[in-house]
Amino acid sequence: MQRYIAWRLVLIAPTLLVACTLVFLVMRILPGDITFVIFGDVAVNPEAREFLRDELGLNDPLHVQYGGWLWKMVNGEFGGHSLESDEQIASMIGRQLPVTLLLTVYTVFFSIFISVPFGILSAVLEGRWPDRFIRAITLGGLALPHLLVALLLLLGLLLFFEWSPPIIYYPPWVNPWSHAQLMIWPTLILTWECSSHLVRVIRSSMLDVIRQPYVVTAQSKGLSVYRVIVWHVLPNVMIPLLTMVALQVGTLIGGVLVLEIIFGLPGLGRGFVQAAISRDYPVVQSLAVFLIFVSLIINLLVDVMYRFIDPRISYSG
Amino acid sequence: MVILASCVREAEPVLPKGNETHGGSLAEARVVITPVTSLTVAHLVDRKEKYGGIMVLANRSDPPAGFDPLRTSSIALHHIAGALFGSGNLVARCRENIYAICPYLATSWTTNAGYTEWDFTIRRNVRWHDGTTFTAQDAKFWFDLAHLQTAIGDRIRAPAYFKGELGDIESVKILEHDRLRITFSHRNPHFLDDLANPRFRLAHPYHLMKPKIEKASMSINPLGVGLVGVGPFVLEEYIKGSVVRVRRFDRYWEKDSGNTLPYINGIDYVVIPDPFVMDVAFRSGRLDGGARGQAHYLTAERKRGYVRGLGKDVFFAEIEGGNFRLAFNMLKSGPWQDPVVRRAIAFWIDKRAAIPAALGGFGWTAPDLGPSHILVPRHFVNWPKFDTGQLDQKRIIAKYLLDEAGYSSGFSMGHLCRGLNTTPCEFLKAQLADLGIELELQIVDEGEWNRARVSIDYDSQQGRLTPSPIPEGTESVYGRYSGNPDAYAKHEDLRVEELYRKLRGALTFDQRVEDWREIERYLFVEQTYVVPIAESINVIPYRSYVKGLAIPAEDAHTNTDFATVWLEKG
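Top line first, the protein sequences correspond to chains A and B. Numbered by the working numbering, the letters in the first sequence go through residues 89 to 405 in order. Numbered by the working numbering, the letters in the second sequence go through residues 330 to 899 in order.
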């Protein structure tokens with residue numbers, strides 16, 4: 089097990105290097121550069137544009153730019169600084185990541201809290217009205233885009249209560265009431281979607297397990313439904329559930345751009361897309377590599393957790 | 330609602346008279362230019378209860394480029410920059426009249442007979458937000474950053490994007506008694522007009538930035554030194570992606586009938602990238618004013634929603650938003666090389682229909698300068714006079730011209746389309762389809778649009794919307810491509826250069842008007858390099874209790890210091 093983990097950790101380095109190279113090249117293929125975005129909507133002297141390109145190092149040969157950025161990735165600067173604002177990228181991530189992490193934690197917590205009982209209920213009462221009702225709700229969660237739900241929600245709050253969520257984001261340790269008033273809405277929307285996935289996974293996994301002979305045996309031994317589900321069914325549902333939760337966490341940390349924009353959350357997703365539009369190369373490259381790193385770590389953790397959930401899984405051979 | 334609209338049509342533009350006598354001392358040979366109007370807004374102010382309150386405004390994004398006005402003209406910066414850095418440079422556009430020049434960080438100025446030397450006397454009671462006195466050294470430092478390519482070793486700092494607009498600065502020298510002399514290699518009679526551009530804000534304290542640059546921190550920007558400015562509000566807090574909070578600067582120099590400015594205690598600029606969210610926040614009472622910038626300006630439909638929901642609790646500021654146009658790339662081969670074809674297209678397009686269809690319902694049909702422009706009332710030729718007649722008649726002419734040019738069966742033409750707003754592109758495509766011209770829309774994101782519009786890769790484009798209230802300032806968008814890559818139409822017509830040279834040399838108002846009319850006729854009629862379609866109007870909502878706003882009809886960047894605003898909430 090330890091050798092497996094060590095090997096997976098070693099593999100992260102070449103994976104990140106490949107990712108760095110690909111992200112760097114993709115950014116250079118995109119037309120335009122940040123000088124056009126910085127100068128904005130005005131007529132600019134071409135000489136001034138070239139001077140700025142020189143100043144930002146954009147006229148350096150590609151291998152020099154790549155080498156410089158790669159060095160800054162490993163020397164503790166985490167990619168250097170933003171071409172657009174001159175802000176350190178590490179400081180940008182330090183500012184944006186807590187917002188995204190909080191949203192992720194809230195969403196995952198509420199999703200698991202909701203989806204486990206509803207998934208079980210849906211499976212146990214298969215084909216009856218509660219099952220159909222739960223599936224209809226989850227269908228909406230899977231099908232409706234965040235944008236539409238968020239806009240309808242805001243419109244509903246305005247029209248029915250003449251109220252809208254706060255427009256300035258505060259961390260919970262600064263202003264918990266304002267934080268709650270703002271974060272509850274994107275959390276609800278994301279929870280609807282996330283728990284819809286989880287409910288369906290739990291339901292289908294449980295239906296598979298319930299029909300297994302050992303469950304029938306447990307029932308025929310006279311065990312209560314509660315004991316059968318908790319002790320015999322649920323442990324076997326955990327692996328697909330964990331996989332799905334990990335996927336959702338990866339997606340959420342990657343950022344939920346639309347909701348971050350609509351609810352004014354200064355998170356990673358919004359920062360990432362803004363940097364891409366601005367062609368802020370070091371920021372996009374560094375954030376992409378960071379997100380890839382996070383995904384790799386989450387995958388590794390999930391793989392390790394599989395082992396603890398299901399002792400039959402072995403990484404020794 | 331009080332909007333100090335600056336439409337004083339009788340006012341002449343401020344053109345200083347150069348001294349024609351060259352004898353005597355240098356000082357005697359200069360003419361002190363008396364400001365046309367003072368900066369006071371006395372008729373607005375007489376009550377102490379105007380003080381206090383925090384105004385909450387939407388801002389469409391974080392200010393780019395580290396809040397550096399030398400780097401960007403983005404309205405996302407300038408909506409905030411006025412409060413932090415002040416409404417002007419050494420001079421400013423007067424609050425009551427955008428075409429007049431008022432003193433700002435300089436109290437007076439002189440020029441020589443040839444308009445090659447301009448001396449400014451620096452205002453003595455101006456302080457940076459950290460308490461340091463503003464001096465001629467600060468002004469020189471700004472001019473040097475703006476027009477020089479500062480270098481430390483092999484590291485360089487790029488000059489300002491508007492370097493060319495400042496003229497051919499030869500040197501900037503500090504004179505005794507806190508005066509500054511700017512010397513040009515060519516005469517520059519319109520220097521004050523240019524310098525009063527509100528985008529040219531002084532946001533670079535010498536005592537904070539110089540040491541950083543000496544340490545080769547070449548890209549240092551105002552954000553990097555804590556946003557220390559000379560404006561009426563001092564930075565309290567900036568949470569990136571969320572809010573910029575500014576609070577009253579108690580040592581701000583400007584007064585209004587003896588009352589110190591600003592009136593309000595502060596402004597919170599909340600970053601709201603989505604216009605729908607801004608609408609909801611405004612209507613639910615979380616905002617006192619809307620954001621400036623494309624997409625955030627109201628459409629007719631959104632404005633109706635505001636009126637329906639808020640009635641008299643809301644008013645709308647209207648600002649000229651720039652021209653919607655079709656411009657041809659003359660440096661790329663195609664049927665549009667033929668002026669007859671271009672003229673046919675100009676006749677064909679239904680310009681009135683563009684206002685509801687492409688401009689959100691607000692606008693007027695005009696070639697470039699709006700009806701409130703100082704050149705308009707006496708001499709200006711409004712758009713319909715360029716192609717008078719009913720649309721049906723004009724379209725018959727258009728068909729005839731296209732046949733005459735040999736394109737009766739039509740042709741296809743590429744069109745650079747900004748992905749941020751595709752509606753005008755779709756309007757043009759639909760219009761030209763009926764003439765047999767297939768407009769192939771090439772929809773691009775902001776990064777590519779910013780690059781492409783200064784390239785010659787596309788057959789046609791619309792250009793950007795930013796207007797210029799100074800006719801001379803339009804050369805950058807109508808001039809030859811080699812010197813003006815951001816020109817809407819890409820051409821190398823020497824005649825255009827010659828016409829602009831003539832305009833810049835005009836010393837009387839009438840001559841200036843006549844020269845501008847000649848340029849218009851050449852560009853829009855004789856050559857039809859550009860087909861002006863309609864001028865857009867940008868609409869910004871404000872709560873009715875927001876008083877004292879000074880928003881000129883011509884430019885969203887002017888008077889964004891909000892120093893004269895007060896909140897009458899009862």
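Hints listed in this document are in silico derivations from the structure and should not be mistaken for laboratory results. A quick note: this is a predicted structure, and the numbers were derived from the prediction, not measured. A virtual CB, placed ideally from N, CA and C, is assigned to each residue, including glycine. Worth double-checking, as some hints may not be accurate.
Simulated pairs of lysine-lysine, BS3-like, Cα-Cα distance not exceeding 27 angstroms [as the list claims (entries may be wrong)]: (1) B:Lys831 <-> B:Lys898; (2) A:Lys160 <-> B:Lys492; (3) B:Lys728 <-> B:Lys661; (4) B:Lys728 <-> A:Lys160; (5) B:Lys758 <-> B:Lys728; (6) A:Lys160 <-> B:Lys569; (7) B:Lys469 <-> B:Lys539; (8) B:Lys898 <-> B:Lys641; (9) B:Lys469 <-> B:Lys544.
Using C-beta positions, here's what the derived DEER-type ranges look like [to be verified]: (10) A:Gly164 <-> B:Asn594: 23 to 31 angstroms; (11) B:Leu770 <-> A:Asn163: 40 to 48 angstroms; (12) B:Gly634 <-> A:Ser312: 53 to 61 angstroms.
If you only want the chain B side, here are some residues facing chain A, beta carbon under 10 angstroms, derived [stated by the list, open to error]: (13) Pro488; (14) Lys539; (15) Leu552; (16) Gly555; (17) Glu565; (18) Asp597; (19) Val599; (20) Ile601; (21) Pro602; (22) Phe605; (23) Arg631; (24) Asn779.
Taking the closest Cβ pair, is Leu552 of chain B under 10 angstroms from chain A? This hint holds: Leu552 of chain B lies near chain A, its Cβ roughly 6 angstroms from the closest one there, short of 10 angstroms.
What's the verdict on Lys160 of chain A and Lys492 of chain B, does the C-alpha distance respect the 27 angstroms limit or exceed it? Roughly 33 angstroms between the alpha carbons, so the hint for Lys160 of chain A and Lys492 of chain B is violated.
Do the numbers back the hint for Phe605 of chain B, that is, is its least Cβ distance to chain A under 10 angstroms? holds, 6 angstroms
Min Cβ distance, Ile601 of chain B to chain A: is it shorter than 10 angstroms? holds, 6 angstroms
Does Glu565 of chain B hold up as a contact with chain A if the rule is Cβ-Cβ below 10 angstroms? Violated, because the Cβ-Cβ distance from Glu565 of chain B to chain A comes to roughly 13 angstroms (cut-off 10 angstroms).
Closer than 10 angstroms between Cβ atoms is the bar; does Asn779 of chain B clear it against chain A? Give me holds or violated. Result: holds, 3 angstroms to nearest chain A Cβ.
Should the hint that Pro488 of chain B touches chain A count as held when the rule is a Cβ pair under 10 angstroms? holds, 6 angstroms
Mind checking the alpha carbons of Lys160 of chain A and Lys569 of chain B for me, to see if they're no more than 27 angstroms apart? The given pair, whose Cα atoms are some 23 angstroms apart, holds under the 27 angstroms limit.
Given pair status - Lys898 of chain B, Lys831 of chain B, alpha carbons within 27 angstroms: violated, 52 angstroms
Are Lys728 of chain B and Lys661 of chain B close enough, with their CA atoms no more than 27 angstroms apart? Holds, because 24 angstroms separates the two Cα atoms, which is no more than 27 angstroms.
Agreement of hint Asp597 of chain B with chain A interface, Cβ distance less than 10 angstroms: holds, 8 angstroms
Would you check whether Pro602 of chain B satisfies its interface hint, that is, whether its CB is within less than 10 angstroms of any CB in chain A? Because about 5 angstroms separates Pro602 of chain B from the closest Cβ in chain A, which is inside the 10 angstroms limit, the hint holds.
Checked against the numbered hints above, the structure violates hints 1, 2, 4, 10, 14, 16, 17, 23; every other hint is satisfied.
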